[in-house]
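**Student:** Listed below, chain by chain, are the residues.
2 protein chains.
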Amino acid sequence: MPSTSTRDRIIAAAAKLFYDEGIRRVSVDAIAGEAGVTKRTLYYHFESKDDLVAAYLEGRDRPNFAWFQRWYAEAEGPLPERIRALFHGLSRAARHEKWKGCGFLRTAAELANLPGHPAIVIGKAHKQRLEDWLCGLFEQDSIREPRALARQMVLLIDGAFAVVLLNRDPSYMETAGDAAATLVEMAPRAIR
Amino acid sequence: MPSTSTRDRIIAAAAKLFYDEGIRRVSVDAIAGEAGVTKRTLYYHFESKDDLVAAYLEGRDRPNFAWFQRWYAEAEGPLPERIRALFHGLSRAARHEKWKGCGFLRTAAELANLPGHPAIVIGKAHKQRLEDWLCGLFEQDSIREPRALARQMVLLIDGAFAVVLLNRDPSYMETAGDAAATLVEMAPRAIR
Chain A
1 MPSTSTRDRI IAAAAKLFYD EGIRRVSVDA IAGEAGVTKR TLYYHFESKD DLVAAYLEGR
61 DRPNFAWFQR WYAEAEGPLP ERIRALFHGL SRAARHEKWK GCGFLRTAAE LANLPGHPAI
121 VIGKAHKQRL EDWLCGLFEQ DSIREPRALA RQMVLLIDGA FAVVLLNRDP SYMETAGDAA
181 ATLVEMAPRA IR
Chain B
1 MPSTSTRDRI IAAAAKLFYD EGIRRVSVDA IAGEAGVTKR TLYYHFESKD DLVAAYLEGR
61 DRPNFAWFQR WYAEAEGPLP ERIRALFHGL SRAARHEKWK GCGFLRTAAE LANLPGHPAI
121 VIGKAHKQRL EDWLCGLFEQ DSIREPRALA RQMVLLIDGA FAVVLLNRDP SYMETAGDAA
181 ATLVEMAPRA IR
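Keeping their order, the protein sequence lines are chains A and B. According to our numbering, the first sequence is numbered sequentially starting from 1. According to our numbering, the second sequence is numbered sequentially starting from 1.
This is chain A alone, in the form it adopts within the complex (with noise of 0.2 Å):
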């Protein structure tokens, strides 16, 4: 890969491994090794395995937003259906061979005991930004508690990855779908 900056294959290897395997399982040799770098190299560029990991979600963060925004974008009909088409999407992406689950969740589960780690911070900006996108889109459309239910629809979008995480079956997201397609649906709107 002639055109990649070290420090980004770095990076892709990090990314790789880490959500492949989990973050505690991982080693600097091993991504060091996947990158095809010296670990000296490694550490020129990342002072520690934490700095990878930052960098890992914070790699993830613009891509994964980009997913929702051209779900959104390419579905038709009125809000309700937009906003389940973010589900369908993230069930096509789950029965990928490759998935599994949402990489920003999945590092808030395993360092559980580090809430201010770096890594957290990023994966908390993440769905918050999902969050203030979601409310925008609410406002738009004249709904009388536009946060409060952006926040419902992070529930049920995180609730989508937790659960077919632990239980491989997709057809979940279409569930949650209906759930937030049924409570845009139900949200009171401000009078014109």
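Please keep in mind that the hints were generated in silico from the structure rather than gathered at the bench. Be careful, since some hints might not be right.
Identical copies look the same in the list; a pair holds intra-copy or inter-copy alike.
[Said to hold, decoys possible] Under the rule of at most 20 Å between Cα atoms (straight-line distance), these lysine to any residue pairs were calculated in the SDA-like manner: (1) K124 <-> P170; (2) K124 <-> T182; (3) K98 <-> T4; (4) K100 <-> P115; (5) K98 <-> H117; (6) K49 <-> R25; (7) K98 <-> G116; (8) K16 <-> R144; (9) K100 <-> R24; (10) K49 <-> P80; (11) K98 <-> N113; (12) K49 <-> R24; (13) K124 <-> E174; (14) K98 <-> F68; (15) K49 <-> E21; (16) K100 <-> D29; (17) K16 <-> P115; (18) K16 <-> N113; (19) K100 <-> L114.
Given chain A, work out where chain B should sit, using these hints.
**Tutor:** Same frame as chain A, but now just chain B:
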């Protein structure tokens, strides 16, 4: 603890360390140390660390399920309010300083590359039991699609665990309770 069997003492030590620090971070040595037994004694009772992880979750199945049943039994008012009480119970639990999410979901997150692991099988069965119990409550209330609604409740419960583990804001559990109460209230009922 003279009245506790050695096996139970080992499970209690494993449960404490796995829940506090995570599965992969905790060694069999640490568990033996915490339980005050030799490694030889530990291996007399448990063949492997995997067995200990399974025994840890097996031991959480009944107590965790009993909490939900108690929160429901102690609640008053119509069904949506009694369902809301489950989430209020979760939110009180999450305010405890030792709270670190749901052990079943965290284990699924850590062992995402081992979906057939005995501990994951136990976790799936636990959540299925919760879903079946909710489904039974909805059937009694003449809800027309009790299974779908029960699945939506489990999605909100596990979503609450996942979201609050990441952002440490237990008020999201009350928000999940609002969503659950709305969905139960809006669910079509069969005409008696």
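**Student:** Using 20 Å as the alpha-carbon threshold, which applies to K98 and H117: within, between, both, or neither?
**Tutor:** Result: close only across copies, 17 Å inter versus 26 Å intra.
**Student:** Given identical chains, is K49 near R25, meaning Cα to Cα at most 20 Å, within a copy, between copies, both, or neither?
**Tutor:** Result: close both inside a copy and across copies, 12 Å intra and 15 Å inter.
**Student:** Using 20 Å as the alpha-carbon threshold, which applies to K16 and R144: within, between, both, or neither?
**Tutor:** neither (42 Å within a copy, 44 Å between copies)
**Student:** Please sort K124 with P170 into within, between, both or neither, judging by C-alpha distance up to 20 Å.
**Tutor:** For K124 and P170, the Cα distance is within 20 Å only across copies (14 Å; inside one copy 24 Å).
**Student:** My question is about K124 and T182: at a cut-off of 20 Å on alpha-carbon distance, are they close within one copy, between copies, both, or neither?
**Tutor:** Neither way: K124 and T182 sit 26 Å apart in one copy and 27 Å across, limit 20 Å.
**Student:** With identical chains treated as interchangeable, where does the CA-CA distance between K16 and N113 reach 20 Å or less: within a copy, between copies, both, or neither?
**Tutor:** between (24 Å within a copy, 12 Å between copies)
**Student:** Measure nothing new, just compare the shortest in-copy and cross-copy C-alpha distances for K49 and E21 to 20 Å and report within, between, both or neither.
**Tutor:** both (15 Å within a copy, 17 Å between copies)
**Student:** Checking an output row: K16 and P115, CA cutoff 20 Å. Within, between, both or neither?
**Tutor:** between (23 Å within a copy, 18 Å between copies)
**Student:** Within, between, both or neither: how does the pair K100, R24 come out at a Cα-Cα threshold of 20 Å?
**Tutor:** Answer is both: 16 Å inside a copy and 17 Å across each meet the 20 Å cutoff.
**Student:** Given a CA cutoff of 20 Å, do K98 and F68 count as a within-copy pair, a between-copy pair, both, or neither?
**Tutor:** within (19 Å within a copy, 34 Å between copies)
**Student:** At 20 Å max between alpha carbons, let me know whether K49 reaches P80 within a copy, between copies, both or neither.
**Tutor:** neither (42 Å within a copy, 46 Å between copies)
**Student:** My question is about K98 and N113: at a cut-off of 20 Å on alpha-carbon distance, are they close within one copy, between copies, both, or neither?
**Tutor:** between (27 Å within a copy, 9 Å between copies)
The structure is inconsistent with the numbered hints 2, 3, 8, 10, 16, although it conforms to all the rest.
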